[in-house]
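As given, the protein sequences belong to chains A and B, one line each in that order. Residue 134 in numbering that gives the first Met the number 0 sits at position 135 of the first sequence; the count goes up by one each step and never skips. Residue 21 in numbering that gives the first Met the number 0 sits at position 22 of the second sequence; the count goes up by one each step and never skips.
For the record, the hints were derived by calculation from the structure and aren't laboratory data. Check the hints yourself; a few may be wrong.
[Said to hold, decoys possible] Derived CB-CB ranges, DEER-like:
{"hint": "1", "chain 1": "B", "residue 1": "Lys139", "chain 2": "A", "residue 2": "Asp78", "range": "46 to 54 Å"}
{"hint": "2", "chain 1": "A", "residue 1": "Arg363", "chain 2": "B", "residue 2": "Leu227", "range": "52 to 60 Å"}
{"hint": "3", "chain 1": "B", "residue 1": "Ala364", "chain 2": "A", "residue 2": "Pro64", "range": "53 to 61 Å"}
{"hint": "4", "chain 1": "A", "residue 1": "Lys153", "chain 2": "B", "residue 2": "Val8", "range": "54 to 62 Å"}
{"hint": "5", "chain 1": "B", "residue 1": "Leu227", "chain 2": "A", "residue 2": "Arg15", "range": "56 to 64 Å"}
{"hint": "6", "chain 1": "B", "residue 1": "Leu56", "chain 2": "A", "residue 2": "Glu319", "range": "18 to 26 Å"}
{"hint": "7", "chain 1": "A", "residue 1": "Arg272", "chain 2": "B", "residue 2": "Pro132", "range": "18 to 26 Å"}
{"hint": "8", "chain 1": "B", "residue 1": "Lys37", "chain 2": "A", "residue 2": "Glu188", "range": "54 to 62 Å"}
{"hint": "9", "chain 1": "B", "residue 1": "Gly113", "chain 2": "A", "residue 2": "Arg250", "range": "54 to 62 Å"}
{"hint": "10", "chain 1": "A", "residue 1": "Pro321", "chain 2": "B", "residue 2": "Arg270", "range": "56 to 64 Å"}
{"hint": "11", "chain 1": "B", "residue 1": "Glu14", "chain 2": "A", "residue 2": "Arg86", "range": "29 to 37 Å"}
[Said to hold, decoys possible] List time: in silico DSSO-like cross-link candidates among lysine-lysine, alpha-carbon distance up to 30 Å:
{"hint": "12", "chain 1": "A", "residue 1": "Lys52", "chain 2": "A", "residue 2": "Lys186"}
{"hint": "13", "chain 1": "B", "residue 1": "Lys266", "chain 2": "B", "residue 2": "Lys233"}
{"hint": "14", "chain 1": "B", "residue 1": "Lys118", "chain 2": "B", "residue 2": "Lys233"}
{"hint": "15", "chain 1": "A", "residue 1": "Lys168", "chain 2": "A", "residue 2": "Lys198"}
{"hint": "16", "chain 1": "A", "residue 1": "Lys314", "chain 2": "B", "residue 2": "Lys10"}
{"hint": "17", "chain 1": "A", "residue 1": "Lys52", "chain 2": "A", "residue 2": "Lys153"}
{"hint": "18", "chain 1": "A", "residue 1": "Lys72", "chain 2": "A", "residue 2": "Lys88"}
{"hint": "19", "chain 1": "A", "residue 1": "Lys198", "chain 2": "A", "residue 2": "Lys119"}
{"hint": "20", "chain 1": "A", "residue 1": "Lys265", "chain 2": "B", "residue 2": "Lys10"}
{"hint": "21", "chain 1": "A", "residue 1": "Lys399", "chain 2": "A", "residue 2": "Lys314"}
{"hint": "22", "chain 1": "A", "residue 1": "Lys314", "chain 2": "B", "residue 2": "Lys187"}
{"hint": "23", "chain 1": "A", "residue 1": "Lys265", "chain 2": "A", "residue 2": "Lys88"}
{"hint": "24", "chain 1": "A", "residue 1": "Lys52", "chain 2": "A", "residue 2": "Lys171"}
{"hint": "25", "chain 1": "B", "residue 1": "Lys263", "chain 2": "A", "residue 2": "Lys186"}
{"hint": "26", "chain 1": "B", "residue 1": "Lys187", "chain 2": "B", "residue 2": "Lys211"}
{"hint": "27", "chain 1": "A", "residue 1": "Lys265", "chain 2": "A", "residue 2": "Lys186"}
{"hint": "28", "chain 1": "B", "residue 1": "Lys10", "chain 2": "A", "residue 2": "Lys329"}
{"hint": "29", "chain 1": "A", "residue 1": "Lys153", "chain 2": "A", "residue 2": "Lys119"}
{"hint": "30", "chain 1": "A", "residue 1": "Lys4", "chain 2": "B", "residue 2": "Lys369"}
{"hint": "31", "chain 1": "B", "residue 1": "Lys233", "chain 2": "A", "residue 2": "Lys265"}
{"hint": "32", "chain 1": "B", "residue 1": "Lys139", "chain 2": "B", "residue 2": "Lys211"}
{"hint": "33", "chain 1": "A", "residue 1": "Lys314", "chain 2": "A", "residue 2": "Lys72"}
{"hint": "34", "chain 1": "A", "residue 1": "Lys4", "chain 2": "A", "residue 2": "Lys52"}
{"hint": "35", "chain 1": "A", "residue 1": "Lys329", "chain 2": "A", "residue 2": "Lys358"}
{"hint": "36", "chain 1": "B", "residue 1": "Lys211", "chain 2": "B", "residue 2": "Lys118"}
{"hint": "37", "chain 1": "A", "residue 1": "Lys358", "chain 2": "A", "residue 2": "Lys209"}
{"hint": "38", "chain 1": "B", "residue 1": "Lys263", "chain 2": "A", "residue 2": "Lys329"}
{"hint": "39", "chain 1": "A", "residue 1": "Lys314", "chain 2": "A", "residue 2": "Lys329"}
{"hint": "40", "chain 1": "B", "residue 1": "Lys29", "chain 2": "A", "residue 2": "Lys88"}
For each residue, glycine too, the CB sits at the ideal point set by N, CA and C.
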Amino acid sequence: MSPDKQDLDAFRREVRAWFEKNRPADPGFLLPQSFMEVGTDEQFYFLRDWQRKVYDAGYLGMAWPKEYGGGGKSQTLQDIATREMVRQKVPFMTNTIGLNWAGPLILNMGSEDQKNAYIKGILNAEDIWCQGFSEPDNGSDLGNAQLRAEPDGKEFVLNGSKIWTSLGKHAKYMILLARTNLAATNKYEGLSFFLIPMKIAGIDVVPIRKLTGEFGFNQTFFADARISESCLIGQEGGGWQVAMATLAFERGAVGGQAGGHSMMSKEVSEVVRLARAAQRNGHPAIEDPVIRDRLVQLIMEERSLALNSARARIKPLVAERPGSIDMSSKLAGSEYQRRLNQFALSLQGANAAYYVGDKNAYERGQWQRSYFNSFSATIGGGTSEIQHNIIGERVLGLPKS
Amino acid sequence: MWDADQRPVIKFSDEQEQLLGVATNFARDKFPLDRARKRIAASEDLDRSVWEEMVSLGWLGIAIPEEFGGSGLGLAEVVTVVEPLGRHLAGTPLVSTTLVAQAILVAGTPAQKGVWLPKICQGAIAALALVEPHGDWNLKHLTVQARPEGDRLVLSGIKTFVTDALSAELVLVSVALANAQALVLLDKAALGAAVIEREVVIDETRRSYRIKFDGVSVATTNLLQPSLSAAALKQIDEAACLLLSAEMCGGASGVIDTVVDYLKTRKQFGRLIGSYQALKHPVVDALLMLDAARSHLYYAAGIFGDPIEGELAVRMAKALAGDALTFASDRAIQFHGGFGFTYDCDAQLYRRRAIWCEAQHGDAAHQRRKLADMMLDLQT
Numbered sequence: 000m001s002p003d004k005q006d007l008d009a010f011r012r013e014v015r016a017w018f019e020k021n022r023p024a025d026p027g028f029l030l031p032q033s034f035m036e037v038g039t040d041e042q043f044y045f046l047r048d049w050q051r052k053v054y055d056a057g058y059l060g061m062a063w064p065k066e067y068g069g070g071g072k073s074q075t076l077q078d079i080a081t082r083e084m085v086r087q088k089v090p091f092m093t094n095t096i097g098l099n100w101a102g103p104l105i106l107n108m109g110s111e112d113q114k115n116a117y118i119k120g121i122l123n124a125e126d127i128w129c130q131g132f133s134e135p136d137n138g139s140d141l142g143n144a145q146l147r148a149e150p151d152g153k154e155f156v157l158n159g160s161k162i163w164t165s166l167g168k169h170a171k172y173m174i175l176l177a178r179t180n181l182a183a184t185n186k187y188e189g190l191s192f193f194l195i196p197m198k199i200a201g202i203d204v205v206p207i208r209k210l211t212g213e214f215g216f217n218q219t220f221f222a223d224a225r226i227s228e229s230c231l232i233g234q235e236g237g238g239w240q241v242a243m244a245t246l247a248f249e250r251g252a253v254g255g256q257a258g259g260h261s262m263m264s265k266e267v268s269e270v271v272r273l274a275r276a277a278q279r280n281g282h283p284a285i286e287d288p289v290i291r292d293r294l295v296q297l298i299m300e301e302r303s304l305a306l307n308s309a310r311a312r313i314k315p316l317v318a319e320r321p322g323s324i325d326m327s328s329k330l331a332g333s334e335y336q337r338r339l340n341q342f343a344l345s346l347q348g349a350n351a352a353y354y355v356g357d358k359n360a361y362e363r364g365q366w367q368r369s370y371f372n373s374f375s376a377t378i379g380g381g382t383s384e385i386q387h388n389i390i391g392e393r394v395l396g397l398p399k400s
Numbered sequence: 000m001w002d003a004d005q006r007p008v009i010k011f012s013d014e015q016e017q018l019l020g021v022a023t024n025f026a027r028d029k030f031p032l033d034r035a036r037k038r039i040a041a042s043e044d045l046d047r048s049v050w051e052e053m054v055s056l057g058w059l060g061i062a063i064p065e066e067f068g069g070s071g072l073g074l075a076e077v078v079t080v081v082e083p084l085g086r087h088l089a090g091t092p093l094v095s096t097t098l099v100a101q102a103i104l105v106a107g108t109p110a111q112k113g114v115w116l117p118k119i120c121q122g123a124i125a126a127l128a129l130v131e132p133h134g135d136w137n138l139k140h141l142t143v144q145a146r147p148e149g150d151r152l153v154l155s156g157i158k159t160f161v162t163d164a165l166s167a168e169l170v171l172v173s174v175a176l177a178n179a180q181a182l183v184l185l186d187k188a189a190l191g192a193a194v195i196e197r198e199v200v201i202d203e204t205r206r207s208y209r210i211k212f213d214g215v216s217v218a219t220t221n222l223l224q225p226s227l228s229a230a231a232l233k234q235i236d237e238a239a240c241l242l243l244s245a246e247m248c249g250g251a252s253g254v255i256d257t258v259v260d261y262l263k264t265r266k267q268f269g270r271l272i273g274s275y276q277a278l279k280h281p282v283v284d285a286l287l288m289l290d291a292a293r294s295h296l297y298y299a300a301g302i303f304g305d306p307i308e309g310e311l312a313v314r315m316a317k318a319l320a321g322d323a324l325t326f327a328s329d330r331a332i333q334f335h336g337g338f339g340f341t342y343d344c345d346a347q348l349y350r351r352r353a354i355w356c357e358a359q360h361g362d363a364a365h366q367r368r369k370l371a372d373m374m375l376d377l378q379t
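Isolated chain A (complex conformation) (with noise of 0.2 Å):
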């Protein structure tokens, strides 16, 4: 039964109203953009809080069956919600990992004893999740993962490192993609894929200090740790199946996430509101007819995602290359974002040289720290060099690098 249209507009005002009184106000420190650069304990502890008060409003995970934890409610009251958290820029869900890709994962493949263990605290941000994919020597290249989960009677053994671990400090919970098999006939097959706890003897989570100068990744060593053979999602041997699974909930590829979002991404509204308050020779940043070049193309092509995304929900305006848009919003808005807080450094002047921490810095230095840590998705999920491959191969069938 889908709610009527009458139905949908007063969900809307009344999601609308909740998030303007409810949002937090400033915490006084800078806050993260998205769960990969949650580096202090104040800072975590304040998305927790907030993630865990947007559940119990009722916004988050409304369309996960009710017997887990979830809202029983349909996706499009959960799609409202989600877009009017982006559009009021509240802070972002932080247990991103749980809630996009570990969570509906488990809905989908997982155990009934999964379900009901992990389910809930995922939605109220009780146990926050990691992920377990890329290894120090195997970035890009997923399938190679070498981490070994030797199995030993009902456990495995797990012996290796797994690298950018977001909240690896914070979590409770791990998705792994480890090597059970050394023998398999391919690298693919020799892979099994699990749901770990992290508090347990044989792992080390050792921060990794981010060019930013902050922290919010790991390295996470595994030394004899010893877990349950019920850890297993899948079949073991089929941990390929399932990380690509995965990725297509990581990519948005496939619905079924609890919704909320991840990112606070830069919009160039606020870059041309720099540009009004920038000085050159003088005069407003923006009296500049190089700067209001630059400008108008950045705000094409913000647009341009927008209307991508329009677009690709018209069969016919995308028959002649299926898939085009959706493979490339990923590359496509992420460059966006790079390109466009750089230009806002730029804009500063002088001023741009002033970094986080100084109290002269503009807006307490975000836009210095936003523009490296944009360079987080144009490496992560697959580098934009990964990403061109991609594209060229599976849209325009061009022979493989």
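Starting from the known structure of chain A, arrange chain B on it as the hints suggest.
Relative to the frame of chain A, chain B by itself:
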């Protein structure tokens, strides 16, 4: 334009879908690239048989009201025909004739509408005489004069880039009349006294002429309503941006296919050259530019005529489609290697089309300049 969550919406009608399908097949069947080369070499200005087919499909009357013999649809539907034609580098008077019809619809007298619009629906070719030797894209920068003499107007001055002037039954000329801009309709008889010279132009699928109007005179009844001539010029400019964007998006798609075919078949150093990232990645960039331009194109088509947003949208579409076709065709020449340097390689045909379309009604930088003035000076 925007849904309840403030996301932009592209309006796309059933008629657009239907026309896009028909035109895609038509363009593929009637305009294979060897046809474009035959067109270039042909001595006649126009391929009458294809033109008649386009007329019988009703394409000249798509955006003309039914009372004048058209289908009563809009320019959004014309876009779906122009885009596939652009993909195959068709050189036809469809766009210029449509633009003249648009001007008559906006500013024509009832008599002018009654005479010319039905004729256009039935295939009369119309040409636009807007550009002058100074090359300024500002359509209000006019040196061609119309001087009243009794109930007649005497013209003087030169217009350039009048496509299909010799095939046209009607030429719409922009003139300065008593220090204001005006638009005059000239039929074949009135053109008799003009000196019409063929131009050598970069897009060889076009037939373009330079017209010297000295000594031409017409009855003042051929003047479009003076109070509406500014609105008509605006309509021509915005409709041209829209239709040229369609033509360029089509062209970008065509040239991407051309270069991809080559990258999939040409081997060097024992490898298909499309496997080299130095070639693969820029072609993907061209595809992304096309995808963005095409999204802007259909958005602009759906809201054409909206007071401010409509103009913003067509200028963005033209800027992005121009950049997309320019980049894609420039790289296509380069990626064909030595063959790309020859006249036989099709990449140059698209590059020439890109330069032609960019030169019409303002290139990407010109559009961005206009957009900056429209968007950045509003204090918010």
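Now the hints, each set against the structure:
1. Evaluation of the 46 to 54 Å hint for B/Lys139 and A/Asp78 yields a pass: the beta carbon distance comes to about 48 Å.
2. A C-beta distance of roughly 55 Å is found between A/Arg363 and B/Leu227, which places it inside the suggested range of 52 to 60 Å.
3. Between B/Ala364 and A/Pro64 the Cβ separation comes to about 55 Å, which falls inside the hinted range of 53 to 61 Å.
4. Checked against the hint of 54 to 62 Å, the C-beta distance between A/Lys153 and B/Val8 comes to roughly 55 Å, which is consistent with it.
5. Between B/Leu227 and A/Arg15, the C-beta spacing of about 44 Å breaks the proposed range 56 to 64 Å.
6. The hinted range of 18 to 26 Å is satisfied by B/Leu56 and A/Glu319, whose Cβ atoms lie roughly 21 Å apart.
7. For the pair A/Arg272 and B/Pro132, the supplied restraint of 18 to 26 Å is violated, since their beta-carbon distance comes to about 44 Å.
8. The supplied range of 54 to 62 Å is met by B/Lys37 and A/Glu188, whose beta-carbon atoms lie about 56 Å from each other.
9. The beta-carbon spacing between B/Gly113 and A/Arg250, approximately 58 Å, falls within the hinted interval of 54 to 62 Å.
10. Our hint of 56 to 64 Å for A/Pro321 and B/Arg270 is violated, since their Cβ atoms are close to 28 Å apart.
11. Roughly 33 Å separates the CB atoms of B/Glu14 and A/Arg86, a value that falls within the hinted 29 to 37 Å.
12. With a C-alpha separation of about 44 Å, the suggested pair A/Lys52 and A/Lys186 falls outside the 30 Å cut-off, and the hint is violated.
13. Note on B/Lys266 and B/Lys233: the hinted pairing is violated, with a Cα-Cα distance of about 50 Å set against a maximum of 30 Å.
14. At roughly 24 Å between alpha-carbon atoms, B/Lys118 and B/Lys233 fall within 30 Å of each other, so this suggested pair holds.
15. Restraint check: the Cα-Cα separation between A/Lys168 and A/Lys198 comes to about 10 Å, which is no more than 30 Å; the hinted pair holds.
16. Between A/Lys314 and B/Lys10, the direct Cα distance comes to roughly 13 Å. Compliance with the 30 Å bound is thereby established for this hinted pair.
17. With a C-alpha separation of about 39 Å, the suggested pair A/Lys52 and A/Lys153 falls outside the 30 Å cut-off, and the hint is violated.
18. In summary, the hint linking A/Lys72 to A/Lys88 is supported, as the alpha carbons are separated by about 24 Å, within the 30 Å threshold.
19. Note on A/Lys198 and A/Lys119: the hinted pairing holds, with a Cα-Cα distance of about 19 Å set against a maximum of 30 Å.
20. The straight-line distance between the Cα atoms of A/Lys265 and B/Lys10 is roughly 27 Å, inside the 30 Å bound, and the hint therefore holds.
21. At roughly 28 Å between alpha-carbon atoms, A/Lys399 and A/Lys314 fall within 30 Å of each other, so this suggested pair holds.
22. Between A/Lys314 and B/Lys187 the alpha-carbon distance is near 45 Å, which puts this suggested pair outside the 30 Å criterion.
23. The hinted pair formed by A/Lys265 and A/Lys88 meets the criterion: a straight-line CA distance of about 10 Å does not exceed 30 Å.
24. In summary, the hint linking A/Lys52 to A/Lys171 is supported, as the alpha carbons are separated by about 20 Å, within the 30 Å threshold.
25. Pair hint B/Lys263 plus A/Lys186 holds up; C-alpha atoms about 28 Å apart against a cutoff of 30 Å.
26. Restraint check: the Cα-Cα separation between B/Lys187 and B/Lys211 comes to about 14 Å, which is no more than 30 Å; the hinted pair holds.
27. A threshold of 30 Å between alpha carbons decides the hint, and for A/Lys265 with A/Lys186 the separation of about 40 Å lies outside it, so the pair is violated.
28. As the CA atoms of B/Lys10 and A/Lys329 are separated by approximately 25 Å, the hinted pair is consistent with the 30 Å bound.
29. For a cut-off of 30 Å, the pair hint linking A/Lys153 to A/Lys119 stands: about 27 Å separates their Cα positions.
30. Restraint check: the Cα-Cα separation between A/Lys4 and B/Lys369 comes to about 39 Å, which exceeds 30 Å; the hinted pair is violated.
31. Between B/Lys233 and A/Lys265 the CA atoms are separated by roughly 35 Å; this puts the pair beyond 30 Å, and the hint is violated.
32. Between B/Lys139 and B/Lys211 the alpha-carbon distance is near 19 Å, which keeps this suggested pair within the 30 Å criterion.
33. For a cut-off of 30 Å, the pair hint linking A/Lys314 to A/Lys72 stands: about 28 Å separates their Cα positions.
34. Using a Cα cut-off of 30 Å, the hinted pair A/Lys4 and A/Lys52 holds, with the two alpha carbons roughly 27 Å apart.
35. A C-alpha spacing of about 34 Å is found between A/Lys329 and A/Lys358, which places the hinted pair above 30 Å, so the restraint is violated.
36. Distance check on the hinted pair: B/Lys211 and B/Lys118 sit about 26 Å apart at the alpha-carbon level, within 30 Å; holds.
37. Distance check on the hinted pair: A/Lys358 and A/Lys209 sit about 22 Å apart at the alpha-carbon level, within 30 Å; holds.
38. Our distance criterion of 30 Å between C-alpha atoms is met by B/Lys263 and A/Lys329, whose separation comes to about 26 Å.
39. Under the criterion of a C-alpha separation no larger than 30 Å, the hint pairing A/Lys314 with A/Lys329 is consistent with the structure, at around 20 Å.
40. Of the supplied pair hints, the one linking B/Lys29 and A/Lys88 is violated, its CA atoms being roughly 52 Å apart against a limit of 30 Å.
When held up to the earlier numbered hints, the structure conflicts with 5, 7, 10, 12, 13, 17, 22, 27, 30, 31, 35, 40 and fits the remainder.
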